[in-house]
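*Asks:* Single-letter residue listing:
Protein chains: 2
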Amino acid sequence: MTYCVGVKLDEGLIFASDSRTHAGVDNYAKFCKMTVFENAGERVLVLLSSGGLAATQAVINVLRQRAAGEPPHLGSVASMFDAANLVADAMRAIERRDGPYLEGGGLEFNASFILGGQIAGEEMRLFRIYAEGNFIEAGSDTPFLQTGEAKYGKPILDLAVTPSATLEDATKCVLVSFDSTMLSNLSVGMPIDLLCYARDTLAVTMKRRFDAGDAYFDSLKHQWIAGTRKVFHELPALEW
Amino acid sequence: MTYCVGVKLDEGLIFASDSRTHAGVDNYAKFCKMTVFENAGERVLVLLSSGGLAATQAVINVLRQRAAGEPPHLGSVASMFDAANLVADAMRAIERRDGPYLEGGGLEFNASFILGGQIAGEEMRLFRIYAEGNFIEAGSDTPFLQTGEAKYGKPILDLAVTPSATLEDATKCVLVSFDSTMLSNLSVGMPIDLLCYARDTLAVTMKRRFDAGDAYFDSLKHQWIAGTRKVFHELPALEW
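Respectively, the protein sequence lines represent chains Z and Y.
Start counting the first sequence at 1; every next residue gets the next number (the working numbering).
Start counting the second sequence at 1; every next residue gets the next number (the working numbering).
One or more hints might be untrue.
Since copy identity is lost for identical chains, a pair holds within one copy or between any two.
Distance condition first, Cα-Cα at most 20 angstroms in a straight line; then the derived DMTMM-like pairs of lysine to aspartate or glutamate [stated by the list, open to error]:
id, residue 1, residue 2
1, LYS207, GLU239
2, LYS230, GLU168
3, LYS221, GLU239
4, LYS30, ASP211
I should point out that these hints are in silico values taken from the structure, not numbers from a laboratory.
What you are looking at is a predicted structure, and each value in this text was computed from that prediction instead of being measured.
Assemble the whole structure, with the sequences as input and the hints as a guide.
*Replies:* Below is the structure:
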């Protein structure tokens, strides 16, 4: 499995992804699922990958190769909508190439992405692109998008991720959401890659990896547990 | 779907179940999923049902009819282990009767239960009985058992439900776990039936139903959201 989250706040965007890939519990590995396309001062695009690793790596390779060639590509398009369509085009190209062979082995093409960022002249935007290449965009009613093992971590995001939340508070919330997910699903694992993007900066200035045993992450986790136990204790008692 | 939780604390047991049944989103209804077998001063047994309503109702009818006849039955057995076996026997009897007809319609027998309680002379015990009639028992490492839509509500139970938690605090936690689940899965719905059993009392003294708009439930929910947002805000900020 995988767990990826993209958040769109008034203040900026948050992206986070785990790094575990596996083919059964007896075969797991670490791969980074976050890819950044940056042209500082002009655009920042972040892609979070879920699904089969061969498929997502192939899509990213195609996007990178195209970005070095003739426009249109992720470095040239004028809108995030066009960028999402380019990701979909790359996914469909890989599916056309590999799909029939996967079917021969009883498998199917399986890749999906969260794409977010900002291009100069446009507002920040955040999309979830499905395996078929169609996509949805986050809005103020639903300011976060998840892929992979989304259920364990969702209630915690629901608590504190609103468009007006600060980048700082929502980031803590996203990290706690990862901790909750990893506690219940072994197929989601550290390290966690985190990127926070402050609106209109058009540059990556806050990017960080959390490995197992990270002092900040562990402290956050313990203080969250202690804090919420205190909240439960202080909630009004039920009268029978 | 359904959401049921059974908790075993040092102080007592907690049982909670939602009341929504459905066959597609265009066909849903309310049915109580909590059944109590009580002989005050001698035994309290609580059964929470998940699965097909025809199956779970049939099992409960069989158990009730048998309890009015010759032992062994739920009112006579000397241990919770024997009680769990009786539930399994009733499930298997219904499956033998209905299973082949369900298969004819492309369906399968689908019923599972959480069973907990205390019989005089024995400690409190809590079981989860699978559709096949085999079962597991909660212990100090895993003091709660869930059925149905378990993922959304689990991280919140993980936060505060430990064997040494008070019945009062763990009850608030269970209710918040239901709220989180209902927020994300429409097939889990109010009213919520709640029963708290205080160790060695051998009687039901705390049983309560929460309907939509319940003042205590709503207040708990709002104070929980406010409390956790404060916790997020007070957690140490990430330094980049």
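*Asks:* Failing hints, ascending?
*Replies:* Of the numbered hints, all hold.
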